[in-house]
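Here's the letter readout for the chains.
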Amino acid sequence: MKQFFKKCYLAIILIFLYVPIIVLIAQSFNAGKSRAKWEGLSLHWYSELFSNVSIMNALWVTVSVAVIATIVATILGTLAAIGIYSMKRRPQAFMMTVTNLPNTMPDIVTGVSLMLLYIFAKVERGYFTMVLAHITFDVPYVVLSVLPKLKQMNKHTYEAALDLGATPAYALSHVIIPECKQGIVTGALLAFTLSLDDFTISYFTTSPLVQNLSTLIYSATKLGISPVYYALSSLMFVVLLVLLLIVNHRTADNKD
Amino acid sequence: MEEPRMIHLENISKEYDGVTVLDDINLYIRKKEFVTLLGPSGCGKTTTLRIIGGFEYPSTGRVMFEGKDITNLPPYKRRVNTVFQKYALFPHLNVYDNIAFGLKLKKMSRAEIGKRVDKMLNLVNMAGYGKRSVDSLSGGQQQRIAIARSLVNEPEVLLLDEPLGALDLKLRKEMQLELKSMQQQLGITFLYVTHDQEEALTMSDTIVVMNAGHILQIGTPKKIYDEPENAFVANFIGESNIIRGIMIRDELVNFSGVDFPCVDAGFGENAPVDVVVRPEDIVIVGEDIGQLTGTVKSVLFKGVHYEMMIESGDFTWKVHSTSMQPAGSRVGLSIVPFNIHIMHPMKEAGK
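Heads up: the protein sequence lines correspond to chains A and B, in order.
The first sequence runs 1 to 256 under the numbering used here.
The second sequence runs 1 to 351 under the numbering used here.
Derived by calculation from the structure, the hints in this document are not laboratory data.
Please read all numbers here as calculations on a predicted model, not as lab measurements.
Check before you lean on any hint, since a few could be wrong.
[Stated by the list, open to error] Below 30 Å or equal to it, Euclidean Cα-Cα: the simulated DSBU-like pairs (lysine-lysine) are:
#	chain 1	residue 1	chain 2	residue 2
1	B	K106	B	K170
2	B	K222	B	K131
3	A	K155	B	K86
4	A	K155	B	K131
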């Protein structure tokens, strides 16, 4: 009996979580424009999606921002993690708090504060500011993925490399970075995923002329949403799902 | 023939955040010598090793290597190699690449590297393990690879930081002998750090006993065991009875209220001293003929011998003997002059 309730409870949670998405995906294959009536299976909205210039532009913005932000954040985050790792205990604890804080902060706070910063610094908002914003929120996630790998390492690993004749730069590139490669890749994937599906921060840090997919969808909903966006959202859901599965799989592996 | 000095530490002191961990250390190590730094944890032995390896810089003093000052030389420019605690192998490289790491940095040809790595694998009895991943090896095997990885670079001096600490007793004893024979075979200077006095006695040519950032005594294992300079060394190396006494005159000492003839001299007359007697050097005799008399308080069987605690006056003697006296029995104790060792009393400072 207890087992039965346990399973029911889980089922209810999953239904609440996934039914809306299933409805969305189903509607994206609906031939008609009406949401109330099923008019047969069709890929019509998908073909329209790929011929829609503004959506394709937004897709380009989304992906290119995510790629640039991921690359930059991975480099910065990895180096930051190595720096934090080699700090003494007290400054290390301080840096960890500073790193964790943005993660717990609501996106809207990050978004608004970045917007204010850009206005204050008289930087015109657009593609560049959006990239900067994405790098900003990606870096802590990379740090948090790389740091545990460094801590698992024998504390004399770096010294052992120097001892065998490696210069500090060689030890970094041939020993330290390969040793925490798993954490770096996980961090990069996480950063890429977060960057792809970010709305709030992007919304505040770009201009209406440079839209990524999520801000585009948001502005489209104001005019009454076309089923093209169902197709788009379905595709985004699938891509993010795959990325998240990869990330989760990797973090599960890391814990072994 | 005396070998030349390889390494000379001159007035080395080291402070961390105002805490002195090494206080004016002076030490030299001769070529081909097996020197052990021995002391309890926190005595500064590892710090000394790390200063020679180049991982720490002394607050004051100089490190000389074959007559040249290397105090500020980074580790990768020093002709010494280190075997670290818990090995510090590179898990992302296989056994072969771990050992080849240093040789690749020297831009050696592939064929030459292969030859040398194979030779090393043979030396440490790990031939055929080249392709294995480091994580698939046991602790003892990892230790052998760590040693091979250092030795393949043909260092002038090999520094070993408690390399056998993580191994079980039996394996540790085997590795002690192997390390010693490797050292003799290759003719490399070894500087070894351990807190295990037995290990130090087995392997070393010279033992340096350290405590609280000071060197307490430097000498051969036999000298350190037989003639410890103070109560700390006597206690740390082997087991001992240490009792306060008065040196009446040369070759006569009084402790436990009895005058004992001994062989030491030069402490002055009526001078307070510390007296060391090893447990195996106390002979149990009949109550009527002993220099001291006492009551057996407890008996422990230790395998080779019995350990008896014998109370005589206000001091309890630890006695090792192959014949057992039952607890509660009255016995006599006798010590021959040669086995009584006199030391200057320890200064209380630094304990």
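Hints violated by the structure (listed by number, smallest first): 1 and 2
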